[in-house]
Each structure stands twice: as structure tokens, then as C-alpha cells.
Amino acid sequence: MKYKAFLLLLTIIFLAEISAFAWFMNTADNDLQNSVEINAAVQSVQSDWDSISTHKNSTSLDYTVLDGDGNVLFKTRAELSESINEAVINRDTILDIEADSGSVGKIIIHNNSRQGLAESRKKTAAVIVFAAAVQFALCAAYSVYIYRTVIKPFKKLEGFAESIAGGNLDIPLTMDRGNIFGAFTESFDIMRSELKKARLAEARANAEKKELVAKLSHDIRTPVASIKAASEVGAAISESEKNRQNFTHIIHKADQINTLVTNLFSATLEELQQLTVEPIDMESGGISEMLESADYFHYAEIPTVPDCLIYADKLRLQQVFDNIFANSYKYANTKIDVEILLKNNHLSVKIEDFGGGVPNEEIPFLKEKFKRGKNSENIEGAGLGLYISDCFMKEMGGELVIENGQHGLAATILISLSGTI
Amino acid sequence: MKNTLIKTERLSKSFSSGGAMQHVLKNIDLELYKGDFTVIMGASGAGKSTLLYALSGMDTPTLGKITFGDKVITDLSSDGLALFRKEHCGFVFQQIYLIDTMSVLDNVLAAGLLVSKDKKALATRARELFKAVDIPEETINKFPTQISGGQAQRAGIVRALINSPEILFADEPTGALNSKSGLDVLDTLTSFNEQGQSVVMVTHDMRSARRGNRILYLKDGIVMGECDLGKYTPNNEERHKKLSEFLTRMGW
Amino acid sequence: MYRNILLARSNIRKAKGQTAAIIVLVLLSSLMMNLWLMLSMDYRKNFERCHDRLNDGHVNIAAYVTDDEFKNFISDTLEERTDITDYTVSDAFCEPMSFEYNGGEISQLGVLLEKEDALSRNVGRFEITEDSTYKSGIYLPMLYGTGNNYSVGDTVKITLLGEDFEYTVCGFFNSAMNGSHNCGMMALLLTEDKFNEFSEEAAALKSVYVSARVNDISKCEEIATELKDETAKEFPDVVVTSNDYKLVSTSRYISQMICAGILSAMAFLVLLIGVVVIASNIANYIQENMQNLGALKAVGYTSGQLVSALLAQFAGVSAIAAVIGTVLSYCVFPAVNEMMIAQTGIPYSVRFQPLPVLFTIIFITGIVSAAVYFSAKKIKKIEPITAMRQGISTHNFKKNHLPLEKTSLPINAALAMKTTLSGLKQNITVCVTMLVLSLVLVFSATSFRNTIVDFQPMVEMIAGEFADSAINVNPNREDELVSVLENDSRVEKFYMFTNNNMEVQHVDGLSLFVSVVGDCSKMNNQSMFIEGRYPKYGNEFSIAAKYAKDNDIKIGDEIALKVGNSEEKYIVSGFTQCSNNLGKDCVITREGYEKISSLPNVTYYIDFAEDIDIDDFNSELSDRFGSDVNAIQNIQSILESTGGVYVMLMTFLVIAIVIISCIVIIFVMYLLVRTMLNNKKRDYGILKALGYTTTQLVVQTAMSFMPSVIISSAVGIAVSMRLINPLMAVFLSGIGVVKGTFIIPVELCIISGIVLVIFAFGAACLMSLRVKKIAPRELLIGE
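Residue numbers (my numbering), protein chains in the order written: chain A, 762 to 1182; chain B, -1 to 250; chain C, 8 to 790.
A hint or two may mislead.
Unchecked claim - Cross-link-like lysine to any residue pairs, in silico, SDA-like; alpha carbons within 20 Å at most: (1) C:K576 - A:A926; (2) B:K117 - C:H408; (3) B:K178 - A:I858; (4) C:K556 - C:E137; (5) B:K118 - C:K576; (6) A:K817 - C:S528.
Quick caveat, the hints were computed from the structure, so don't treat them as lab data. The model shown is predicted, which means the values in this text are computed figures rather than measured ones.
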């Protein structure tokens, strides 16, 4: 992978060098003359011909101006050709200066291509040195890279093997960058983790053994029961008192074992009820909604409910509230006070009307089956409401308290808080 | 008389999954005291970690109130809680949770620089702590994936303590470690506690629980009972027995 | 196949946001691409259709002065030529004229024709696009009926021969070759009574207007040159102006070309961003799903199947987005069309074009598929065992880039830098996006500076020389004019610059419009000489760069030019650029021109000091020189009126570009931040648990993008500022621009770069607000 990249880079550099040389070859002999500049020189000399001594060079060229007899009239600098022959030797450009009367003199444009040649040689040298430097840097970088990716990780591997041999299985083998050893490193590390796994498995097997013992103890109950049954038969049919005592002793001990085992795995079965109450944990916030819905005449002002988690059956609790409000509507038909408090392990909801209450002697019977107060003679009803409500509350671990309050009959529903039963 | 550090009133926490409500904590009233090594025990699913995260302001309870010192943290916004945490709490997690892309030291400093701007003092304190937890200097510049689990967890403790929190919360700190590393971590916690650091630790491992001086047993979201073990001393048979009895009574 | 679709569907559902962002990017790209294709493929053809419908000439000639002899001569000449298929010769008046337009002035060679005659021409027919019950007045090209210009019943004041003529606008007409001020000449139709009225007044000026069809359109330029050459030989005194199909069809569509060029560039750039985003998305997907992919491979899926599921997903989404984009482009097209018509002046009705739609959809889907294929190749390298065991990501070779102990950065910045340094992929995406956007931004800023704020640089680049005012007088009063100008304190600068549709012929080439200049160093628009230098001496001239390139002429070459029968050789001193005549121009010194011809009249360009009323000055001069003034122009006012359309167009484009850039930034940031939050959810949870607030984490996230945003924006803007002129030259190469000479507003570019960075930061902050949703409680998972 990296190797490919390296080769690619090398190739690219090679191609770059080739194209640099190609470019160099093509530009090397591009020393054409700038005819526009030369024209400017010629034209400016021509226009200044009559006062050539004040002529100024406005071009980037060097030139010499000669008159018709070959005398130097103007030079842009020293060391320029001063005669036609010198100009020919130096490959200078020689042009006529013309006036209305025809050719009046010559202009010699200096040829500076030798200077250009020196420059281009320097350029060549620079290109070669640069290319060599790049190649050197690349090779150096690659050998450093090889050291870091191959030699160093290999040394690391040695250290790893030592620590495995020493029994230290917790230190993972760090993967080398680029994963140059690939499967080799991986499988080495897999070996380490497999070893570690084997150790863990051993520990687990020990734990399971203990569990098995516990399970066996449970299975003891069955044989103990058989022992007990057999002993009872033995006691019944044994003739000697001593034998019977022995059997009785066995029976007692078997009972003892059984009790112990039963204690271990005791399970209580709830009595099956016709109306199932399934209390669950719920947030107390739901109560205000339930009260709102029970109080459909809006006789009461529902106070805020303290935040807590209660243990109740939502459906049954709603039925309890419905029943109490319905009773109040039926018998008192006044405004209703609702008070909600947190009391010890209960959330207490006290619902009191302003109907004056019932005679004190009737209070104890109100929650009984088919009992109705004296004031209920002309009102429909079976006398089951408060009885069922009371049952529900008991099922939920709470209580329904009926009493005469200050203004009328007060029903206090105590809902147990979660986690208190 | 012990100083109360954290007080909860009818603390409840519920989760809903797929419409069904699950109440993990139920009306918990609890006080935690300064200087204690409080251990919260219980079977898995009993709500131990939930309680821990609620106490530490990592999570907001559904109902109820938590007072930290004289500050009610249940009223704070999520950013307010973040500020509270960085000021007052340190955390050690079961999964350690060091950030993999940062060196061990940087993990610690990332927590420290939140509170203090004095880099030098922080680095010095970090080095002291690393020394105290027995992590050598050359390890602290490694990455979390390059060190062993025990070392990582001890680094986690350093991170938790870098800001000298009033209380250190540890969630099953030995859960992901082998027994030897686990012991090291417990020793570290114990020694910091001896220097006065309040610690609250959740565990379901008796060996870890033994380190606490106050054991709370959580079951089905309520505190079933608690047990005062007194100060930890190594190889104390009586303590051990007392704890075993307590746990048996709790139905461990 | 069905299984692939299932896989793709579940992937899309899991990443709704990413999919939406990719859809938006692809949609923008396809919208612009389809618009571009419609503009470049059909819009130009609309000219051909219009030209065919009106059976318009490929070569039109307006001869200023005529008699029957000339008329016969031109008919005979056309009849003899085998390359002319058909022609129509009409009586007309051809004179330079001007009238108000867009708050400025239009000045062009006017061709006045009689309405009924014009409508019944065989070749070069005119058609009425809006008529009325007015029976006496003028019909204008429909271009002048757009915007807030003229409407039926208005009075238009036309200045001709130094006199004002007022006509009622009776309606508007359409003409392919002669319907706007971009055609080299402009027709106006007079009702019969007004035409006769005008003929009585200016009987001596009667001219002809000839429209001719040729059998080979590519030769129309040469034919025009030859016809003028023949005319000049026979009637040396007659001034002849022509236009041809190539010139008109290009110059009437300049704005359409610019618009299409910009749209295509934007389309490709947005697509590039989209592709980078998709590639990084896939790389991320592979990393995240390393274990799943390994598992799928373990149960026997081939890499090919997994790759093709990804292909189906992204290519499918892109194809749908591309279709929606093309549909949207049809919703936008009418608005674009209206703007285009304000410049072209040729009616165009929007219609469905299947080819651009097909190309857009196939091209975009293809590019996306290729990107998906190449970035999904990594899947092939996943070994099931490795992937399932831990995933490659846990092989951690990270260097501790920025030890917190040593850094002097504040903690949030330091953590942000750590994120930056550890996320190469996101940095690449950010860099590409920001590089592209900074190019776009520099383009907008440059356009803003050079067209909207100040139109002059645009004029310099495409229209050549300008000044405040120009006056053309007969040569006998020239000396007097010069002395008047020299002694007037209001005049800052003046110089001889004559280019009244004068032409010289390049021997072995086409006929070139020539500007004869007294002293080139005085010219205002020195950037017109893009290479070499202006002509200084009598044996030099400079030639349009485009023409030189087409004909392989180099600086320093000696070229023969001729007028009539006299011919002379000149050295090419430099190249000029100016798109007025689509790069068939040359500049020559007066001395040089007078070697082969004499000037019939001279124009002087004048610049004034500040706050001088140009119109007042002009009317003073025209009073003084009376009938010797052939034309006097307020050039600033002309620039304003013709530039208005371009300013409007560029304003629209700049606004559109800025909006699109904002959308792109927002969506790219959305994708990056989302990916980052997904990848680093655990780290964010830990940091939150340690007490980092949401704000701190949001700023950290946004800051982690900033190094690459800032660096790439800075590099992008610096590079773009260098690139923008060459790019502009490429855009405008069709109209003869070879080198961009726009002024680059450095401050504006830097400021908008800063705004770009701030905007990116804001977008990143906004997008990373979802950090809020990461609760430390998530660390509980598993308990």
C-alpha cells in the first residue's frame, strides 16, 4: 500500500524532472529579437537625427549610432560594437537610419545572447541540483519510514512476547500503524486474549459448581417426604413402643428438614378474589385528574397533589373516588371539601361534604355489605358501594376511613406510598 | 452528630419503555453524610446506579427533591446541573469512560481546567494524585487504550478527584476489572476516604462493599435497610460477619 | 435487487437528515445545471429560429449616400455572386442618431425605414410585436418597450443630424439582425406620413439598406468584407456600414452567455461539494457500521452486493433530487427569461426541453454513482473477523496532538483543536467547501465592485476606450477645436480618437474596425492594451488579441493593411482587447493611418474636471461649430443606459449566489456536525458528566471546524483573487475578451471572507445545538 504510494511518488518526480528538462530544452533557444523594441529604437533615433547628441535611449536595448562615414554619434553604454566589422563579429543587428534624402547612417543593435546562454546554464544546474535533492529527501524519508513501520514494531513484539511468557495477559498488543505485520500481529494478540478467556472460563466453572450444590439441596425435599411417609407407616404397624418412638423421632426430624427446606423456598399463595386489584407504582400527579373526573358537578376545588410515587390500581382507585363523590351527590348534594396530605407512609385524600353527616351509631356499619343509612330510604342503592371501596383500598394496602367531620360526612382515602409495603 | 451532605425527599425516578412505565426509584428519603464511605448495594436492576446518578445531578429525578448542602439541585437546568457537577462532584464509572482520543493526563486536565485556570498547579496536583494511585509518570502520556484496565480506572479516580470534589461518586468501579486490579482501585478509594473524602459507591460485590462504613441495601427501588459497619480495617472478621448477616437478612 | 432496496431504505430512514442535506445540494446543482443547459442549448437557437422566421439577411449593408447608380451597382453585384442566395434592397435613411434609454442615452447608426415597406421585405422582414391605433408615428425595437422605458403613446425624441425629431410611439417590432443597439446598426420604422415628411426635410441623405442571405453562414464575415471592398473600389466616397450574422448572434446574447457561464460554474461547484459530502458520508458510514458490514460479509454477502446497496441508496436519492431540481428550474426560468429578454430584445417562450433534463439527470446520477463507488471501495478491505472483533476504529494510533499541560490555549479552544486534529475527513470536506465558496465569494465581490458599484471596469474590459464626451467635426475646423479645448479650464484632457465605423482591410484577412489615435499615451483605458504596447510610431499598429490569435499573428510581425487601393506594412506593437466588434479591431496612430488614407472627419475624446455638466459643454460646442459638427456625444450617459441591463443582471446573480452559498454552508455544517455528534456521542456524554455545559460543548464543536474553515477561506480567497481575472477571461472569451482586467476589491474580499467564517461558525453553532439532547444518563446504557 505505502509501497505503491512510494513508487508512484518516485515516478511522479521522475516525470516532473523529464518535463522540466523538456521545457528547458524548448525554451533554451528562444532568443528571438524583439522587433517592436528595435523599431522603437530606429524610429526614435530617426526622429532625433538632427539633434542626435541630445538623444535619449527610451528602449531596453543597447545600441550604437554611426553616421554615413562610420563615426560613432551615440552609444548607450561602453563596450559596444563601434564599427560594422565589430558588429558582424558579435552578430549584432545593423540597420539603416533613413531621412528624406535616403540612408544617412547606421544603427547597431547590441546582441546580448551570450549573456542569455550563461543564464540558461545556471538554470540547468539549478534544476539538476533540485531534482537530486528531492530524490535524496524521498529516499531518506522512506528509510526512516521503514525503520518506524517495520523495525521498531518488531522490537515491540519482542517485549510483548516476554510479558506473555511472564503471565501478564492484560496488556494488549498495540497494532502497528499501517498494520504492516497484518495477520501476524493480530493472531498474536488473539492468542493472548484466548489465553485470558481460558482463565476466565476456569473461574466461572468454579462458581457454577457452588450453584449446583444449592440446587441439589432443593431436590432433597422429595426423598425426605418419602422417608416421612415410610416412617409413619412404620409407626402405625410397629408393635414395640420403642420402635414406635424411634419412628416418631424420625418423623419429627423429617418434618424439621422439610420445614427448613420449605423455609428456603417458601411461597405464599394469595387467595383468589373475584375482583382483581392490581396495584402498581404510579405518580401521584394522576390523582388530581381522577378527582376531577369523579367530581363531574365540580362541587369541589381540587388542591395540588404532593409529588410522590403511590402504589395503587388506577382503575379501582377511580372507582373509589367515583363512589364517594356519587354518594355525596346523592345524600348531601352540597359543596365538597377535598384535602390531600402526605401522612407517614400514606397519601391521604380527605373528601368532606356539608350535609351534616350521619348519626354516630350508624358510622361503624356504613362499610358493611348491604347496610344503608336511615336517610337513604327514598334513594336507590344496594348498599355495596362503600363495602367494595373498602375492599379495594385494603387490596391496595391502603384504607378507607368514614367519619363525621365538622360539616358533614368525611371519607378519608389513605393510599399507600410505593416502597412502604 | 454527622453533617448531612445530601438529603433526598420522596425521590422517585421512572422510565418508560414502549409505553410501559417502569418505576426504578420509589419515594426514597435518604441522608448522606460528610466523610462517609457510603456503599449502595442491591441486585442488578434494583436502581442502584439510577440512585447514584440522581444524587450526583447527572440525571434529574421524576419526582422528589434533592438538597446538596443547602442547595436544591432538583430545580436546576441541565446547564445548571453541569456547573453543579463540575464544582461539587467527582465520578468514577464502571466502563471507566476515559476519552480515547486524549492522553491520560489530558483526560484529567480536561476536567481540571473546567474549574481552575492555573495550569501549573493543576498539573502538579494531577501528578501528585497519579503518584498516590500508583500510576508511573511514563504512563500518563499514553492513551487510555494503551494501558491496562486497572490503571485506566485509577486514572479515572484521579480525574474524579482533580477538582477536590465534596463527594466522589463511584459506579461499580471494579465491575470491569480483574480481581487484582479491582483491589488496587478499592485500596485507592479507601485511602482517599481515610483522608476525609466523602465517597458514595454502588456495587453488587461484597468484597467491594466491605470497604464502606455505611451500607444501604436497595431493592425494587426502595432502601430496604442499612447497616453501620464502622471504620474499615483490613481483615476484620467481625465486620465481615456483620455485613454477611445484614445481607442475608436483606435477602442477598 | 429488492434486497438492496430494502437495505438502502433502512439506511435512508436511519439518516433522514443527511439524506435531506444531500438532496438539497443535488437539487441546487441540478436546478442550475438545467438552467445552464437550457440557456446555452436552446436560447441561442431561438435566435436562429427568429432569424429564419423573418427570413433575415446574413449580411446587412447600410450605405449612407446613394443614387440610382449605386442601387443598380449593388443589385448587380449581389446578383452576380454565387454565394448570395437572396437579397432585398430598400430605401432608407442611415445616419448616426441618439435617444433616451434607461436614464441615459443610446447612440447608434440608425436605419430609418418605412413601416409597411419594412414589414413586406422579402429578406430581412420586420414583425410587429405590439401595435396600436396610432396611425402616425414611430415603431421602436421591442427591447425599448421592456422595463420602465417606452410604451405605446409615449413621445420619443430622436436626435439626428444635430436636430431633434419627436415621434409618437405607435408600437414595437422585432428584428433578428437589427433590433437592438448591440447589432452595429439599429432600425426604426416610421409610418408612411412621417417617413415622407422626413424625406422632404433630408432629401439629400437618402440611403439604401440591403439585406442578403448567403448559402454558407460561416463565410458571412468574409462576404461582408468583400462586398465592402468592391463597393469601395467603385464608389470611394460612399460610406458603407455592415453587420453580419456572426456579430449579431453573439453580441445580442452576451448576457445570456455570462449568465450561462456563471450558472454552469455554480452547478459544478455545488455538485463538487455534494460529492465530497457524499464521499465523507460513506467513509463515515463504513467506519460506524464496520461490525455490521463484517457480519453481513460473514454470512455471505459479497462486497459487490454491499457496495451496490449503497449505490442504490445514493444514486436513487440523487436521481430523485435531480428530477425535482429540473422541475424547479422550469419554475425559475420565466423570471430568468424576462431578464434575458431585456438584453437580447428577442422574444422567447419557455418550453419543455427533454435533452437538457436528460443530460442533467444522467450526469448528476453518474457522478454521484462514481463517487459512491470509489468511496465505498473500502468495504472490500473489511475482513469479517477483524471487523467483528473490534472494528478497525479501535486500533488507535493517535498522537497526543496538543498536550493540555503545555498548551496556552483556553481549555475549550484546546479541546476543539484536539477534535480538529483528529478528524481528517471532516477537515477535507470543510476545506473543499470553503475553497469553493471563497471562489464564489470573490467572484461575487469582484462582480459587485466592477459592475454594481462602478460600471467602468466592465466597460474597459469589453467596450474599449471611453471618456466623458466625444465630438466629431470636419477636418477644416480641427485646429480651431484644439485651441478651444486647450484654452477651456473645464477640460482636463483631450485627445484625437476617431473610430466612426471606419475600417481598414487586413490584406489576406478580414476587414478590421480601426481606431485612429493622436497620442495613445493619453488614452483613458490603458488596460485595453493587454500585451506589448500601444502604437507609438507611424509604422506601428496594435491589433485585437482574439483576431491575432485566430490568425496566428505575433507581436513584432509585419502586417499589410489597405484602405481602398493604397496599401502599407505595419509592425504589430501590441494586442488590444475590446469586444465591441467581437475582436475585429485595431488601433493605429494618426501618422500611420494617413499613410494609406485621409480622415474624412476627426473625433476628439474629452475628459472634464469634476462636476462639469457635460450636456452644457456639448451644446456650447455644437453652437460654436454649427454644421461642422457631425456628432457630439455624452459618453457617460450612453454607458449608463447600456450598462443598466448588465447591472441588473449582475445584481440578481450576486444575490442568488450569496443565498446559495448560505444554503450550502448550512447543509454542509449540518452534515458534518451530525456525523461528528454521532461519532463522539460517548465523548460528549463523558464531558457532560464531568460538568461541561451545553454551551461550552456547542462552542467547542463549532470551534473545531474553524481552523480548516479559516485556513481554507484565507487560502481560497487569496488564490481566487489571483484566479478571478483569468476565469473572467474564459467566461467572456466568446465576445473577444482575452485577459480579465477587473479591479479586485481586496478589502471587500477580505471582509466577505471574514463574514463567511463568522457565518460558518454561526451555522456550526446552530447545528450543534443538538448536543443538548445528549444526556450523561446515556452512559447508563447497559445497567
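Each hint, compared with the structure:
{"no.": "1", "hint": "C:K576 - A:A926", "verdict": "violated (96 Å)"}
{"no.": "2", "hint": "B:K117 - C:H408", "verdict": "holds (18 Å)"}
{"no.": "3", "hint": "B:K178 - A:I858", "verdict": "violated (106 Å)"}
{"no.": "4", "hint": "C:K556 - C:E137", "verdict": "violated (44 Å)"}
{"no.": "5", "hint": "B:K118 - C:K576", "verdict": "violated (84 Å)"}
{"no.": "6", "hint": "A:K817 - C:S528", "verdict": "holds (18 Å)"}
This entry does not satisfy hints 1, 3, 4, 5, going by the numbered hints stated previously.
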